[in-house]
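A.B. asks: Sequence order for the protein chains is Y and G.
Each residue of the first sequence is one higher than the one before, starting from 427 at the first, in this note's numbering.
Each residue of the second sequence is one higher than the one before, starting from 33 at the first, in this note's numbering.
Everything labelled a hint here was simulated from the structure, so no lab data went into it.
Being a predicted model, the structure only gives us computed values, none of them experimental.
It cannot be assumed that every hint is accurate.
Computed Cβ-Cβ distance ranges for the label pairs, DEER-style [stated by the list, open to error]:
1) ARG495(Y) - ARG63(G): 39 to 47 angstroms
2) ASN492(Y) - ARG69(G): 32 to 40 angstroms
3) ARG55(G) - LYS537(Y): 13 to 21 angstroms
4) GLU72(G) - SER586(Y): 25 to 33 angstroms
Some chain Y residues well away from chain G (every beta-carbon gap over 12 angstroms; in silico) [said to hold, decoys possible]:
5) LEU467
6) ALA469
7) ASN481
8) GLU497
9) GLU557
C-beta: ideal position from N, C-alpha, C; glycine also.
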Amino acid sequence: MPLTDSLRDDILASVPSLRAFAISLSGNGDRADDLVQETLLRAMANIDSFQPGTNMSAWLFTILRNLFRSEYRKRRREVEDTDGSYAESLKSHPEQHSRVEFEEFRVALSKLPSDQREALILVGASGFSYEEAAAICDCAVGTIKSRVNRARTRLSDLLSIDGADDFGPDHTTRAILSAGGRG
Amino acid sequence: MKEVKKQGGLNAEIQSRIGHQLRAMYDDVVRQGVPDRFAELIRKLDGPEAAAAQIDETAKNDGRD
Chain Y
427 MPLTDSLRDD ILASVPSLRA FAISLSGNGD RADDLVQETL LRAMANIDSF QPGTNMSAWL
487 FTILRNLFRS EYRKRRREVE DTDGSYAESL KSHPEQHSRV EFEEFRVALS KLPSDQREAL
547 ILVGASGFSY EEAAAICDCA VGTIKSRVNR ARTRLSDLLS IDGADDFGPD HTTRAILSAG
607 GRG
Chain G
33 MKEVKKQGGL NAEIQSRIGH QLRAMYDDVV RQGVPDRFAE LIRKLDGPEA AAAQIDETAK
93 NDGRD
């Protein structure tokens with residue numbers, strides 16, 4: 427069925443943030459683009475169930491999120507391969523972010539439980555309200571708030587530990603130095 | 033705000049770094065725009081009727097010729 431110009435424009439306009447969401451969720455550029463493709467196929471096949479006047483982006487995010495979760499359950503037993511492919515999918519990194527810092531953050535994000543990760547991304551990066559994020563994740567607003575808070579706390583813990591290492595010798599070296607100091 | 037107070041125990045600098053990194057990572061991808069494969073896919077899926085009409089047109093024209 428041909429789309430109206432405005433529906434097609436809305437779908438196209440959502441593609442960049444849909445990709446960013448998929449990559450942030452999966453940590454894998456190739457898998458992310460497959461997810462986006464599958465999302466677009468489903469969306470176009472079910473465009474009749476989209477209610478005009480509602481948020482197209484939120485509708486597409488909901489489809490992608492559900493696809494990711496069903497795929498994640500299927501793949502849970504497989505070894506996660508997030509090494510490198512995410513970074514490779516990016517054409518350029520902002521100058522102000524060092525490669526090390528970027529990798530550190532990406533690894534920390536991948537350690538979060540997926541429900542916390544998706545809540546943090548939707549609210550902290552995609553710009554959805556807590557209410558919209560709750561609708562996308564099919565849960566209560568309070569649940570989203572608590573997931574976002576737990577995600578921030580966990581990331582903070584993970585990055586604080588790494589941050590301490592930035593300022594001097596690593597733990598082993600420090601232990602050796604302090605042991606030596608006593609003698 | 034209540035939410036902010038609850039996070040009082042967290043290192044503010046780390047929190048700001050998390051927000052910054054998250055958006056930087058996300059916006060890097062957003063800035064790539066719409067890859068050709070998706071623009072192409074939407075064009076292909078959109079309006080098989082339009083595509084069929086075009087084929088009809090071609091067939092008619094061929095017939096006339």
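A.B. asks: Would you mind marking each hint as holding or not holding in the structure?
C.D. replies: Hints and how they fare:
no. : hint                                     : result
1   : ARG495(Y) - ARG63(G): 39 to 47 angstroms : 27 angstroms, violated
2   : ASN492(Y) - ARG69(G): 32 to 40 angstroms : 22 angstroms, violated
3   : ARG55(G) - LYS537(Y): 13 to 21 angstroms : 19 angstroms, holds
4   : GLU72(G) - SER586(Y): 25 to 33 angstroms : 45 angstroms, violated
5   : LEU467                                   : 7 angstroms, violated
6   : ALA469                                   : 9 angstroms, violated
7   : ASN481                                   : 17 angstroms, holds
8   : GLU497                                   : 19 angstroms, holds
9   : GLU557                                   : 14 angstroms, holds
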